[in-house]
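Peer 1: Use these hints to put chains B and C with the ligands onto chain A, whose structure you have.
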Amino acid sequence: MSVTEAPKIITARASFDDSHTMERFLATGGNDGLKKALAMTPAAVQAEVDTASLLGRGGAGFPAGRKWSMLRKADVSYLVINGDESEPATFKDHLLVERDAHQLVEGVTIAAYALQVNQAFIFLRGEFALGLERVQEAINDAYKAGALGANIFNSGFSLDIVVHPGAGAYICGEETALLEALEGKRGYPRIKPPFFPAAIGLYGEPTVVNNVETMSNLPWIMLNGGAAFAALGAGRSTGTRLFALSGHVRNPGVYELEMVKHTFRDLIFSAELGGGVPNGDVKAIIPGGVSAPWFYPEQLDVPLGQDEVAEQGSMLGSGSIVVMDTTTCMVRAAWRITKFFSRESCGQCTPCREGSGWLERVLWRLENGQGRIEDVDLLLDLCDNIAPGLSWPPQQTTICVLGPSIPSSIHSAISRFRDEFLAHITQGACPYA
Amino acid sequence: MSYFTESRQARAEQLIAVYPEARSALIPLCHLVQEQDGYLSEDGMVEVAKLCGITPAEVRGTASFYDMLHTEPVGKYLVGVCTNIACLLAGGLELLEHAEGSLGIRAGATTQDGLFTLEETECLADCDIAPCVQVNHRYVRTTTPEAFDGLVAELREGGRASEIPSHGTLVRTRRDLALAVNPDDIAKERAEHRAATENAS
Amino acid sequence: MPEPTSEAVTFTLDGREITANKGEAIIAAAERAGTYIPRFCYHPRMAASGNCRMCLVEVDGPRGSTLMPSCFVAAGEGMSVVTNSEKVKKAQDGVLEFLLANHPLDCPVCDKGGECPLQDQTLLHGPGETRFVEEKRHFEKPIALSELVLLDRERCIQCARCTRFADEIAGEPLIDFAGRGDRVEVSTFPGEPFSSYFAGNTVQICPVGALTATPYRFAARPWDLDQVESTCTGCATGCRVAVQSSQGRITRLLGVDVDTVNHGWLCDKGRFAFDGLSIDEEGLSLADPRRRITEPMVRKNNELVTVSWSEAIKTAAGLLRSVDAHAVGAIGGANLTNEGAFAWATLLKGIVGTDSVDAQLGDGLDASIILGLPRATINEAADACTLIVLAGDLREELPVLFLRLRAGAAAKQTSIIDLTNGSSCFDKVSALRLPLRPGDAPTMAAALLGSDDATAALLRHPEGGTFDATDMDRARHLIGSDGTGVVVVVGRPSLAEDAAFVEDAALALHQALPKATFLPAIRRGNLHGALDMGMAPGIAAGRVTLTSASPSLKALWTKIPSTSGRSTLEQLRAMDHGEQRVTVVIGADISHDVPDGALVDRALQAKSSLIAVTGNGSSVVAAAQVVLPTPISHERGGTTTNLEGRVSRLGQKVVAPGDAWEDWMLVTELAHELGVDLPFGCLDDVTNAIAALAPSHSGLTTSLLASSLASDGIIVPLGTEILGQRKAADPMAIPGLASADQIGLGSFTGSISSETPLASEQGKTSVSFAAIELPQRNPIAVPAPDSYALRLISRHKLYDLGTATSASPALSSLAASAVAKVNAYDLDRIGATSGNQVRLRSTKGAMVIAVEADGGVARGTIAIDFNVRQGDETTNAVLALLDSSERVIDVRMESLS
Ligand SMILES: Cc1cc2nc3c(=O)[nH]c(=O)nc-3n(C[C@H](O)[C@H](O)[C@H](O)COP(=O)(O)O)c2cc1C
Ligand code: SF4
Ligand code: FES
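Chains A, B and C, in that order, are what the protein sequence lines are.
Read left to right, the first sequence gives residues 3 to 435 (our numbering).
Read left to right, the second sequence gives residues -15 to 185 (our numbering).
Read left to right, the third sequence gives residues 94 to 990 (our numbering).
The shape of chain A in the complex, shown without the other chains (with noise of 0.2 Å):
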């Protein structure tokens, strides 16, 4: 249960403690992944990335080399990072921005440069206060370096970056209603089709929208080769990722790890990681955002890996890993993670604007006693009407997937403990209480 001998890919920086200074990014090799991208063209810079097979490290693990190539050709063409990390238990993008802001200033421009944009917007979430100064602190330098603005290191590529602060809104994680509020409009995700902004993105020009770690990773890429990315890791998940790890474990925080070549266990029980879980066993996982329908104990072996979470019914999503102990209220967790569906919902689909609502008053009657047997069926079926079938990936009547993520908890927690429902309801209060 060792730790691979992976190199540190975007966290390397991160153990100096000024490693958000400008003195630190260039005596660590800051820049020198720009420098290298700006000799090569553009297409071979993408070429570079579709070789490392780079997955978007927003949720979605789309491949950033592939979305790179449907951008729409157009005069004006937008790249969007997103920032807005709200997905409860993440806080990855939190490490990157405030610990590491010039290599993500860095990655932007290497994209920007790749796709030939010459506009770039860095959306942070609004209550990153000290995030938001850091990287404007990082692109000031870098302009001051040449390494941003007009003409960048004379290569004749130019870019601006702003950085645009959210207002307190989950939804515009979604990255059309990102887009939304990019557009200073209330954050109400874009009815699809179409599918991706490439084609019709910010103020109706074809955009890229990727996530800050994604971004991280293009300078070490642009340095080491997309070749030396692709041999880490394994399939289709190359390179590290960060992993989130929190709730019932000694050690949370953010752990880089080579993909694939670790589970579920090594991340928890392993004492360089985890550290393992203090009172008592594993009851559930929640493998990849709330979002995820949750493991359970016999799937602690499943590698980090994108394909091999999502063979076993979930996702590996934003890489954020919640451990819950067997003292902990499945009730309680559901409700808890439904009453942030519900106060984060948009509210434009009905299922998802007045479901997540219901849904949530009655896991709160279960969870204080006030439950009725038919009540356990009724959240079934209710979710079943926001996500037909309750499969994964789950089916959709909404215009966003977090209509269809609201059921993920709750059927994974009745499934799984429905006598701990039952229990609720005969006891008339909480078991755990």
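Some hints could be false.
What the hints assert, rightly or not - Below, in silico cross-link-like pairs of lysine-lysine (BS3-like), each with a Cα-Cα straight-line distance of 27 Å or less:
hint	chain 1	residue 1	chain 2	residue 2
1	B	60	A	146
2	A	187	A	75
3	C	505	B	34
4	A	38	B	172
5	B	34	A	187
6	C	521	A	187
7	A	75	B	172
8	C	180	A	194
9	C	505	A	75
10	A	37	B	34
11	C	183	A	194
12	A	194	C	182
Hints listed in this document are in silico derivations from the structure and should not be mistaken for laboratory results.
If you're wondering where the values come from, they're calculated on a predicted model, not measured in any experiment.
Peer 2: Chains B and C with the ligands alone, transformed into the frame defined by chain A:
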């Protein structure tokens, strides 16, 4: 008389200028209003509407979508306690209850002296130091009831002023006014690039 | 809305092969094929928002069959769509149950109860018992969004129809959603109500009872309503309406979706003004527009006393006989039906023998120009490549026409060249703005047509040009060389300048741009019908000159006017000079509407004998010798004609109070008294006489009008328009027409779907018809500007002191107030600021008024609205400055503070 102070007026104009369309500056401008008034005042919204070229109803409608924009006054310190799943497992709800008790208000309310507004928040993306607490959107990393009370006492005394500005001030690092790239240069550059790729193919 | 193109695609719908237009939404294609897909947020006249999720259907795609919103997804070639599977039903039932979860159970007290799609769907397929045992969402009871619209937030289902309407259709986003998730509510900004002229439409399209209109709240239950389809005569747009009544009183008007005219929309004046019909007249003076005139009256001992109809007719006939025909004149008639107008024109021109008949009140354009210019339809104007706006503010004058024209410009399909001086309804959507100073229209026309001298002349104005020379280049480019794709909206940009300026400009544009067409923006109700029927000097029924009137028409006549007639302004002068001694005033409020107050006062004092024909009180009634009461608006049948020349039927819904007679009837009696028996035994006789005798209306018989081909009205002359059958209407597009047993495709209304040229349908070829010839005239010159004076502009407002607004309890308080708007530069020059009082002086008179800086008003000009209140005064204050004998009005402004 203009609504913004002179220096903020300049920043407001700069904010409008960095976007291809004025309305994009709506959220940043609302933050700027909050910086000036401590919350999103009606006068501020009217000004934002004017700057963005939309109606005040649209500004309010848009702003009200977002949790960080407060159309009612809030305290000097906006204290957010996360109770979402990771924090829940670490006692977030209990910490929130404690906070309610020690501040003497329910979540959502403001203390009589106007110093503190308490909020129950969704995940703040700092789940390894749980339960997560933010004051004016700065992570304060006080996870125990005792630490929380200590922090409140400190803030009451006017402590941590440099780290935690009063509510509304979100970002203190300014975009350098000279940063933007000349659009004409970009047009030229694009033409050159197009010519180059066409030659190549 | 993705405009369906004519390209067809074929797809499978529940196993059947269906064709659709490429780009057409599945829901619309299915509906045409007779399959109704339930929906809430979809509205065929607005872009799909796809958020209620009620219209989900199964669509097969690369990843198997998935649930997709049929309102948003376009039918594609070879697509397979299933609307009736278990999966679809479960999803739709789920949506319904979710919608009901928080919906209050107040149907018995809800205005919408009985015609509510949510209620209907629930009764048909909804869950029998609610599984929702939690407490429902609660809101404080109705809040006012505006003076006319109330919101019950509990009932709102967040379909966004109202907010989308305000933004997308009206262009006035004064309401928006606030909040997020299930806390979303429709709201206005504090202190800024939803005072849009179009707010009433949101009430009509709200699928539940969340939005209600103050005039209708609790007024009736849908099942008590009786309805008839009609045409709104509030202005010359001619919107199609459903008029509903309960117990003999009109309770509500709803817009009917007609593809060629109003797309289902109405303005609030048209929608709500009906409440003035039955106003209580206790104690109101005869001069008060709110006073209904219900009995015939004759002046005896200097007092109007109620008499029998026969006495009134005898007295009126006696007056008409008492003087030479040349000394008789008639003013007004724009609010008549076509039948009424035809009858009056026949009587006055052919029996009395006077040509001094004018339906316009000095506020329009020469009839031969209106009738002679090649006319555009509303659809042509809405689809034009380039639209030149040489008119007043259309939102104020012809509100729904404005909506139709705005849509094309907002979608960037039409480039508007807006010549309006002062704020314009097209400000946010026009391609170019070239503000016109009073008197400059002919020069502007010359400049647009390529004259650099004219451009230079406009730019050389002492206060500077109102545009950049480059804008003129762009305008010329948009107009092109022969006017193909160009439509000119021509009306009165200002009532404070001689109409000849605009007329000259229009003639010049027509001459140079033979392919351009014109849409006359002259606003009053059935003005165009009145002109068609000959109610203008020199004109006879059928859009012909008096001299070329059809022989069969003349066969009805016993006299032919021997001298050419006087316009309204000329008649007023003739009254003042004693030359016109008997004047019939037909439904016109001349002391408010004629842009020369002093002249009207003198004419009324001159004691020419007045015969007032009207349904409402006015100063004319108060001064009349004889008063003949007639029904108004929804109290009569017949036909009416809109500004594009579309003749459509009026539906009579209620009877006029008292003893009013329809105009054709009282004219027949008057003629009889004058010794002529007109062959009119009933209303249909008159309609058929028009079809037989008026060349432009040839073939427009009552049977054609009653056929389904004419349900949306027909443009005359016949044969020029493609007509078709109406499709059955979706009650969700026009709620209020459905009931629980009418879910699905209703039978009421809808737009044209199949295209059938009328002529072939009727087995006729189009009649040969020569339009009136345009006058040849010498252009008039504009007086040189005086650098100490401001040139006055005066334009109409929608809510003014006119009868429709004044008589309506719902609207009268909304009448606009007068302020003088000037450019800040001119304000600075006299050391005044916005809000100050100024004294204005013209050669005619003076007034004191508050000023306001307005960047839209060109330097050297000043704008004061026409016929609006000033403080508590309900007189048309700007009249003090106007003088119809001057070509332009120059005023001097002096600060009083
Ligand atoms: C409800 C919802 C929330 C999301 N939140 C985030 C987020 O906070 N950060 C993020 O990068 N992507 C988020 N995503 C995914 C984005 O839509 C998008 O796929 C991603 O930003 C693309 O970047 P990538 O390809 O680099 O992963 C979210 C998606 C949904 C449906
Ligand atoms: S699924 Fe929910 S969050 Fe997504 S668009 Fe619909 S209502 Fe909004
Ligand atoms: S989602 Fe199609 S009608 Fe509402």
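Peer 1: Evaluate each hint against the coordinates.
Peer 2: Hint-by-hint comparison with the structure:
As the CA atoms of residue 60 of chain B and residue 146 of chain A are separated by approximately 36 Å, the hinted pair breaks the 27 Å bound. Under the criterion of a C-alpha separation no larger than 27 Å, the hint pairing residue 187 of chain A with residue 75 of chain A is consistent with the structure, at around 26 Å. Distance restraint check for residue 505 of chain C and residue 34 of chain B: the Cα-Cα separation of roughly 24 Å lies within the 27 Å cut-off, and the hinted pair is therefore satisfied. The straight-line distance between the Cα atoms of residue 38 of chain A and residue 172 of chain B is roughly 24 Å, inside the 27 Å bound, and the hint therefore holds.
With a C-alpha separation of about 15 Å, the suggested pair residue 34 of chain B and residue 187 of chain A falls inside the 27 Å cut-off, and the hint holds. Annotation: proposed proximity of residue 521 of chain C to residue 187 of chain A holds, straight-line Cα distance about 19 Å (limit 27 Å). Proximity of residue 75 of chain A to residue 172 of chain B is assessed by CA-CA distance (about 17 Å); at most 27 Å being required, the pair is judged to hold. For the hint linking residue 180 of chain C to residue 194 of chain A, the alpha-carbon distance of about 20 Å falls within 27 Å, and the restraint holds.
At roughly 23 Å between alpha-carbon atoms, residue 505 of chain C and residue 75 of chain A fall within 27 Å of each other, so this suggested pair holds. Using a Cα cut-off of 27 Å, the hinted pair residue 37 of chain A and residue 34 of chain B is violated, with the two alpha carbons roughly 43 Å apart. Simply put, residue 183 of chain C and residue 194 of chain A have alpha-carbon atoms about 22 Å apart, close enough for the 27 Å limit, and the pair holds. Simply put, residue 194 of chain A and residue 182 of chain C have alpha-carbon atoms about 22 Å apart, close enough for the 27 Å limit, and the pair holds.
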